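Visitor: Chain by chain, the residues:
Number of protein chains: 4
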Amino acid sequence: MSNSIGEKFRITSFGTSHGVAVGAIVDGCPANLELSQEDIQKELDKRKPGTSSVTTPRKEADEVQILSGIFEGKTDGTPITGVIFNKNQHSKDYSMFKDTPRPSHGDFGWMMKYGNYDYNGGGRGSGRITIGHVIGGAIAKKLLKTQNIEIFSHVTQIGDIVAEPQDYDTIKENIEKNPVRCGDLKAAKEMEELILAKKEEGDSVGGIVETIAVNVPAGLGEPVFERLDGDLARILMNIGAVKGVEIGLGFDVANHFGSQINDEYTVENDKIITKTNNSGGIIGGMSNGMPIVSRIAIKPTPSISKCQDSIDLNTKENKKIEIKGRHDPCICPRVTVVAESSTAIVLADHMIRSGFIHPTNLKI
Amino acid sequence: MSNSIGEKFRITSFGTSHGVAVGAIVDGCPANLELSQEDIQKELDKRKPGTSSVTTPRKEADEVQILSGIFEGKTDGTPITGVIFNKNQHSKDYSMFKDTPRPSHGDFGWMMKYGNYDYNGGGRGSGRITIGHVIGGAIAKKLLKTQNIEIFSHVTQIGDIVAEPQDYDTIKENIEKNPVRCGDLKAAKEMEELILAKKEEGDSVGGIVETIAVNVPAGLGEPVFERLDGDLARILMNIGAVKGVEIGLGFDVANHFGSQINDEYTVENDKIITKTNNSGGIIGGMSNGMPIVSRIAIKPTPSISKCQDSIDLNTKENKKIEIKGRHDPCICPRVTVVAESSTAIVLADHMIRSGFIHPTNLKI
Amino acid sequence: MSNSIGEKFRITSFGTSHGVAVGAIVDGCPANLELSQEDIQKELDKRKPGTSSVTTPRKEADEVQILSGIFEGKTDGTPITGVIFNKNQHSKDYSMFKDTPRPSHGDFGWMMKYGNYDYNGGGRGSGRITIGHVIGGAIAKKLLKTQNIEIFSHVTQIGDIVAEPQDYDTIKENIEKNPVRCGDLKAAKEMEELILAKKEEGDSVGGIVETIAVNVPAGLGEPVFERLDGDLARILMNIGAVKGVEIGLGFDVANHFGSQINDEYTVENDKIITKTNNSGGIIGGMSNGMPIVSRIAIKPTPSISKCQDSIDLNTKENKKIEIKGRHDPCICPRVTVVAESSTAIVLADHMIRSGFIHPTNLKI
Amino acid sequence: MSNSIGEKFRITSFGTSHGVAVGAIVDGCPANLELSQEDIQKELDKRKPGTSSVTTPRKEADEVQILSGIFEGKTDGTPITGVIFNKNQHSKDYSMFKDTPRPSHGDFGWMMKYGNYDYNGGGRGSGRITIGHVIGGAIAKKLLKTQNIEIFSHVTQIGDIVAEPQDYDTIKENIEKNPVRCGDLKAAKEMEELILAKKEEGDSVGGIVETIAVNVPAGLGEPVFERLDGDLARILMNIGAVKGVEIGLGFDVANHFGSQINDEYTVENDKIITKTNNSGGIIGGMSNGMPIVSRIAIKPTPSISKCQDSIDLNTKENKKIEIKGRHDPCICPRVTVVAESSTAIVLADHMIRSGFIHPTNLKI
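Protein chains in written order, with the numbering used here: chain A, -14 to 349; chain B, -14 to 349; chain C, -14 to 349; chain D, -14 to 349.
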């Protein structure tokens, strides 16, 4: 198994949902970045369940400990290890899935591949594993902030409810005001109601999360195989439950002619910009200085309490399955911070790789 | 710059559209695979321009030469190098773009990044660079065929024309019968007309290409960062002009509830399968034995002869630009083989990485 | 900074000598290997200081905790994290070195590179960092044992005292009987006396450690850049204080003619072997089935209490330096387990890479 | 098989001695480096056989062609491909080795690993494969020269003849004056005689090659697993026939006390240097600004015409073997440029990785 991502700014993630601990090592963060446990905890709190009506009532304290990499309040250039010791894990909820794979859940692939399946709460396929992403993302965000780069994610669709587009400042303000983390407060209200209705039914619902990164310089990414869009697509598709990734206009490009959506150049305040941003800030695999805009499609949580058809892996007989437990009816709100983190990890890596941030020492 | 992709089955691509040659090295193909120049040429011919009404009339002979890696008709375990010497390149067509970036074309990012821009035909940002992908893909396909895995791509949408779904055998049969490589012959006719109309206008049009891989065993990919869907998303998004990637139901998952789209298990011919394939053959980052289905959104070719706004990079003054030359009005038909190749490269790599194909020697 | 090594069996090491903890993640160990905390602790105890006359009297409990990767007594295919929380660190001993680099110690390079030097006990340049190697090596050894591969290291020289060659069984027996871990008990006694004499003088002494791996199959390693000898040389030279690596006859090949040292083939018990093993088990970069024999040259500990010349990094004035503290007068005995571990890590990685061990699941 | 080395400055080598061509791709060379075919040819000519009394009389034209990566006399940031089409290969010389492995030659490992052995001239185990190293090294040297770094190698020992130490200027002058490329002209004469005597006898002889790199800045390399000494040891040990690598004092450290060989600091011309260079320019895995000095032990060419014992791989019967053909009696003189090239590749890579050379564009 490989649990690392990134070339120069590299995350290695570890742990299972019901093991001793989960966490991540960040290797390649330059020395002399001011960094505290609070910088990481603040981001982790965004993905913590049990904090609002629309998430699972499961409480997870999720207090991060830093084991290495910080000396006198700054990174020292050595690997930064963040760990959260697991608590409040109900192993008893899961034993019934040992031989009966849950529809659209990763456990079937896991059983086929590893044999020795940790059926307690999804093992490394659990959403809890994104704690490692968020630890890495929190450090990446702090590093990117030294270059004035800012990243934020918001929910743009839940089921058939689609948010109205807003300007970036409104979005940033609004996402903190509603449990769905939607930038349009009116849609947010309807989304919340839909999620609660599905929760009531023991069902779940999907949605779309958009991520925006501003102040990214032109020239990140490379033209053929280490393109910025390719690396973003990979890390975003790697988030559990994501089934689609698009940049800029995304799938809607199929419906257009070149003359309609080409981004023409102009100059504003002595800087070359494009009049439109249908490219989503990336052309030819490289950033062009415009905001980088991606969207991901998130499937409904596969764990639903409605009765479903499965089989017994040993006898191959049909079996009915009802997945009780405290599952999120919609993970989109909690995915926002994971999308932000994943985007930050890729951008931090490419900022170092492309020479915008010194690989070793922020001060040099 | 990095021009390699894959871990065990690894492609390194080289060359520019107007340089001496383009090509690729495939490192990591096991020894003892029967392989000929024709196996590669056959695939390259699928992307060759000048072969139908809907592509550029530019002729490219594109005859591949194998410089290494084959001994007595079989791979010998050493790197396989395929090269095509460039001919028929009209450098004169491009000099006007030296200081005036083309809207939505990669040259602006390139100029910002490398300084020393090869303005002759797009340098390494040219579509011609996908010759390397196809060389790699042809070898990957031959290797996968030893495991009974088959991959094919078809056009499902051009502009507002959407193909009707067909069964896989019909699609495979139909794509060879029309220049658009669409699986639905009725839609294909309309697509062709739309493309020709746009060509006439000096405009271009986008579309969607779907790729299907059948007989892939369960257990390819890893649960967190080297997921099969993430690796597919990366290589597909890395294809120039692609702005979106989706697996299975893709973005449509956002519109659904879990109870509607979860793939329930059943047994058929003693094999565990799912009744539906909304997951597109991948759950929890790993293949589940069902067909792997991806779709990519391809933007209209940015090179159009209609008048567009740009700027002069040196003076920052506004400039008008009209891109003459023999450009494809729609690259979707030619992208199909690139999508097949990219998918094959990822699957070949993961088949070796997951232990389904021996890393060194096919016979062992 | 990069703190990982290995491709399929991959160690990522973290922590500093005076930080919160040190440890390592092993990613890529196949599922279903029986593994316990004791398997790792047993190896760590071999490098623990304070256990004999010839090591530093500094006590380090060094009790490993496993945070992830084991489920019901077996590896589950997920990353295995081992951590040791630091205790008994005397930070006060080191503050004087903040601006005065110690001769032949890594701190000068560190200061030049990272700026923000952790002067407390050598930071990540400390010998304590090899705990990560040993955690990785312990797991590698357990994995190799399933293939009947065994690895052991012994001291062959300290200062001018050279051990007499012994057969492998004698060496393995003798190294447990003397604190120097030398295979020749007579030489061991003299070595111990030399080390104690140097300790008394506040000086230190160098030596040579040989590592032997038996039952390695032919065919590990690749012919050009991922040769087995190259990978061994890298990991062994990466051990702090090592200034030379040789395989088989090593530097002595320079003194010979081909007709004297070529390893001729013969057949023994129906197996093709070589009559001599001057190649040390590796020819053309690949293992040939004979024992793999390497030797490393270890310099005297640079930390000596004798007065030495240094400079003040800020004023560039000459300064005298005397390095008090509880340093090892000779680290060779403690390096043996690090050499074993490093060799095991490379062999485990290549056993998986070459298809001798399944990459995912030991049972398959 | 993997045929790449380097992280940011990355060589991928291809071809076999009797195939169509041999060559290498250099990926990651920044744009805007002045580079010509002659820069590469000049280095290749140093390893060309048939140029002196002490090498094989086999003639190889070895004229390099550059297929990509140079635009208007400068690198353009894209992969640089250098290729040499093979000529004058006597396949008939080799067929007898198809089933009879040559003592201490790589073919046995190859046969065991790949099955499909290219017995014509050693396949990819041939010395001819180092053409790829030299192509990469020539480009690396040109890049390093922009930073004032210079690298040279010389023969210090052949059999029992050891050169007297000389200052660096004398060495550089003398190596061009004798076919052995030894820095001591008196020893060079004796070495030449020994080599010719062994050639006469159908035997071969080993030796030692030293490489020196001057003006390397302090701070290259990383403290634990990507140490500069580890990376040098790997690439040098990867050269065929090398059985040992040492840095600075090397194996002789075993014979010394810390007080004898610690490199004390002083200041000269306002720069911090060490009074001695027993560390060979590397401490704690990082360069310290002093000359980087390595030595490699090269075994006698295994191909000798004296009668040797081997076996038939199929029948396992004993067989006698005499290796006729035009083999080098001593490859040390021709290895010098390979050692220079290998060292240059590692240093160029680390100069980029450590932020001393911009990863993309020399001008920025």
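Treat the hints as calculated values from the structure; they're not laboratory data.
A few of these clues could be false.
Treat identical chains as interchangeable: a pair holds within one or across any two.
As the list claims (entries may be wrong) - Straight line, CA to CA, 30 Å or less: simulated DSS-like cross-link-like pairs of lysine-lysine:
1) K27 x K301
2) K301 x K291
3) K184 x K256
4) K130 x K348
5) K83 x K260
6) K348 x K184
7) K72 x K130
8) K309 x K127
9) K291 x K33
This structure is a prediction, so every number in the text was calculated from the model and none was measured.
Visitor: Next step is simple, just say for each hint if it's right about the structure.
Guide: Taking the hints in turn, this is what the structure says about them:
When the C-alpha separation of K27 and K301 is checked against a cutoff of 30 Å, the pair qualifies neither within a copy, at 46 Å, nor between copies, at 43 Å. In this assembly of identical chains, the alpha carbons of K301 and K291 lie at most 30 Å apart only when taken from the same copy (22 Å versus 62 Å across copies). Taking the closest pair of Cα atoms, K184 and K256 never come within 30 Å of each other, the shortest separation being 49 Å inside a single copy and 34 Å across copies. Taking identical chains as interchangeable, the C-alpha atoms of K130 and K348 lie at most 30 Å apart whether they share a chain (15 Å) or sit on different chains (26 Å).
For the identical chains of this complex, K83 and K260 are inter-copy neighbours only, at 21 Å across copies versus 55 Å inside a copy, given an alpha-carbon limit of 30 Å. Taking the closest pair of Cα atoms, K348 and K184 never come within 30 Å of each other, the shortest separation being 51 Å inside a single copy and 41 Å across copies. In this assembly of identical chains, the alpha carbons of K72 and K130 never lie at most 30 Å apart, being 33 Å within a copy and 35 Å across copies at closest. Within a single copy, K309 and K127 get their C-alpha atoms no closer than 39 Å, and across copies no closer than 40 Å, so neither meets the 30 Å cut-off.
Only within a single protomer do K291 and K33 lie at most 30 Å apart by alpha-carbon distance; the minimum there is 25 Å, versus 52 Å between protomers.
The structure does not agree with the numbered hints 1, 3, 6, 7, 8 stated previously, though it agrees with the rest.
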